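For chain X, the structure is supplied; the task is to place chain B on it using the hints.
Protein chains: 2
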Amino acid sequence: MSASTGRAGRRPTIKEVAAAAGVSTAAVSQAFNHKGRLSEATRRRILDAALELGWSPSAPAAALRNARTRSLALVVRRPTDVLGSDPHFSELITGIEGELAPRGYGLLLHLVTGPPEENALYERLAAEGRVDGAVLTDARDDDARPGLLARLGLPAVLLGSPDDTAVVPRVGLRDQGAGVTEAVEHLLGLGHRRIAYVAGPPELQHTRVRRAAFEDALRGAGLRPFAVLHTDFSERGAVGATEALLDADDRPTAIVYANDSMAVCGIGTAQRAGLTVPRDMSVVGYDNLPLGSWLHPRLTTVDQQVQRVGAAAARMLLALCGEDVEEPALTGRPRLVVRESTGPAPGGPDRPD
Amino acid sequence: MSASTGRAGRRPTIKEVAAAAGVSTAAVSQAFNHKGRLSEATRRRILDAALELGWSPSAPAAALRNARTRSLALVVRRPTDVLGSDPHFSELITGIEGELAPRGYGLLLHLVTGPPEENALYERLAAEGRVDGAVLTDARDDDARPGLLARLGLPAVLLGSPDDTAVVPRVGLRDQGAGVTEAVEHLLGLGHRRIAYVAGPPELQHTRVRRAAFEDALRGAGLRPFAVLHTDFSERGAVGATEALLDADDRPTAIVYANDSMAVCGIGTAQRAGLTVPRDMSVVGYDNLPLGSWLHPRLTTVDQQVQRVGAAAARMLLALCGEDVEEPALTGRPRLVVRESTGPAPGGPDRPD
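Protein chains in written order, with the numbering used here: chain X, 1 to 353; chain B, 1001 to 1353.
In isolation and in its complexed conformation, chain X is listed as follows (with noise of 0.2 Å):
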């Protein structure tokens, strides 16, 4: 690959060449970097529309594009307005920036709105050089990213329960459901019989494996969930759900938020109400986030070790991007901390309904 000084007149563009042949910026530049996936006539196809043009990339402008960028992507699918309201991704951000600050990296943060504008957005970032790898997160089951990621050649993590067979590597705990039901049998331990559960975007993998665990947990007492809501995981959301709940007949004893913040919501939800948190009512929330062990009552959540995993994260990722950082041993499995929004369930034991 030599440096083009030019030609006379107007130099051709990338652009011009990936619309003669059809293809992505992106696809231009891995057929000339001999990087991503693409197939011999696809890269024929694109070096011919090359040469036609008199396009080749310059080796200055290559050399930049391949050089460490020192930038990792974290593309959200949230509305902005969540993102502020659910600490879950500060928590995340902490635990990837302690392991980037230190290295100089910095963390390219985008909102996008869903999937395609998601992908749109790797395909820039690849083509113009802008990271050196992303953290994905909230895996689908239907996921396009980790295939158009290594496409791209982009190296990248997935935030998700381990599994060996993925394209993309997946950090996180093993054994998701873990917490949840160990939530359950805590419960059920106190006495609860009507357990309600306040549960997050029902499109979302963890939900489903939370719910899931949850209802399995139930199912071997004997007994069938109160009520599953499904929220945005918004305060609002989470108020709403918890409105509904103590207006239900016979109300449930104890509710499960998926996530700490909809926690809190709920326990000054039901305080408002007339309740007291645990007498009347016990909460468990979700992500151990430092706030629950200072409100009173201290609240009783699952720990995720939402910083650990995004460390982990990072440290993965920084190691695929070629920095000289030991892999992470990321073992455990969520699991409850018992406090003080947790305790016997009101008038003794219920029969099972």
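Note that these hints are calculated values from the structure, not bench results. One or more hints might be untrue.
[Claimed, not checked] Quick look at which bits of chain B chain X covers, simulated, 3 or more residues with Cβ under 8 Å: (1) 1096–1104; (2) 1255–1266; (3) 1294–1308.
[To be verified] Pairwise CB distance ranges, derived in the manner of DEER restraints: (4) X:ASP175 to B:GLY1153: 48 to 56 Å; (5) B:ALA1227 to X:GLU323: 44 to 52 Å; (6) B:ARG1298 to X:GLU117: 32 to 40 Å; (7) B:GLU1327 to X:ALA150: 41 to 49 Å; (8) X:ARG37 to B:PRO1115: 39 to 47 Å; (9) B:GLY1240 to X:ARG279: 26 to 34 Å; (10) X:GLY322 to B:ALA1227: 48 to 56 Å; (11) B:ALA1150 to X:ALA329: 45 to 53 Å.
This structure is a prediction, so every number in the text was calculated from the model and none was measured. Think of the CB as a built atom: it goes at the ideal place given N, C-alpha and C, for glycine as much as any other residue.
For chain B alone, coordinates are given in the frame of chain X:
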């Protein structure tokens, strides 16, 4: 500026030119880009060094460097663990991202330990063309950043009270002490005389502005603060400060906290000590985070519109970067939002001490 085709043998690097001229690589790049504020003598020295070494910026590389990255930097000087526990930054990032996301921009988040590291980072980001601009936080008195960024030719805005004489535009609400003044007046009106302040780190400008407002408002009523305790903004710091205040002889009847998460910890600590908020003690927060309006009691707090300020800073910076964005009209000042965590002083008005 013409594209260099390279010379026989190894191509000289910009680092070697910088070393030969005794300047930063950013300065070399400025000498050729006619950006920054190099003295004529320095520019001459750099051009001579480049000539001697046979170095010239390649046009494609310069073009790449000068292309829009659609990334803006946010550099935060905080220990990583405080980022997670202080939702202020989530709110700020949410406000910024709300403007960036629809325009396809990302936010490059860097955590640094102090000014030298932060300044070196801007030098690198500018030299490598990693970002189009930067949002600066935590204005300090002796702040070298505005001068540095102007020299680097990197558009920037600084969060803080507007100041028309500043090198770098400042984005923030006017009259930053107004919310604390209102909080103190609210408490005085409720008969409180022993009022304490749990502040942030003393070296931050806003800590001093708000502390002065706190002391001035009390002085206006012929009072002195019960105490002013500085913290690192952490939950643990807030709990420690609250415990110390509750242990004091003739303990305060009201505490004003420098952020909401510390106020929430303060309420929990008071409740744990057997006090009822606000019957036995009033609590005021700062930031008006969503959680505060769902707690029981709902938190009285100062709304400094963090999201709105973040959005305005982003718009201002996007405009400086050449985007077609209307400049923000950021009116208003921090305002007290009275909810349920403040009430009449216990035992009626005390005499001033």
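Results for each hint:
Here's how the segment 1096–1104 of chain B fares: 5 of its residues keep a CB closer than 8 Å to some CB of chain X, so the rule of at least three is met and the hint holds. Three residues within the 8 Å Cβ limit are the bar, and the segment 1255–1266 of chain B against chain X gives 3, so the coverage statement holds. Only residues whose C-beta sits within less than 8 Å of a C-beta in chain X count toward coverage, and the segment 1294–1308 of chain B has 5 of them, enough to reach three; the restraint holds. Checked against the given bound of 48 to 56 Å, the beta carbons of ASP175 (chain X) and GLY1153 (chain B), roughly 52 Å apart, stay inside it.
Between ALA1227 (chain B) and GLU323 (chain X), the C-beta spacing of about 47 Å keeps the proposed range 44 to 52 Å intact. Taking 32 to 40 Å as the suggested C-beta distance range, the pair ARG1298 (chain B) and GLU117 (chain X) conforms, at roughly 37 Å. Taking the beta carbon of each, GLU1327 (chain B) and ALA150 (chain X) are about 43 Å apart, inside 41 to 49 Å as hinted. The hinted window of 39 to 47 Å between ARG37 (chain X) and PRO1115 (chain B) holds, with their beta carbons roughly 45 Å apart.
As the Cβ distance of GLY1240 (chain B) to ARG279 (chain X) is approximately 29 Å, the hint placing it in 26 to 34 Å holds. The hinted range of 48 to 56 Å is satisfied by GLY322 (chain X) and ALA1227 (chain B), whose Cβ atoms lie roughly 52 Å apart. For ALA1150 (chain B) paired with ALA329 (chain X), a C-beta distance near 47 Å keeps the hint of 45 to 53 Å intact.
Every hint, counting from the list given before, is met by this structure.
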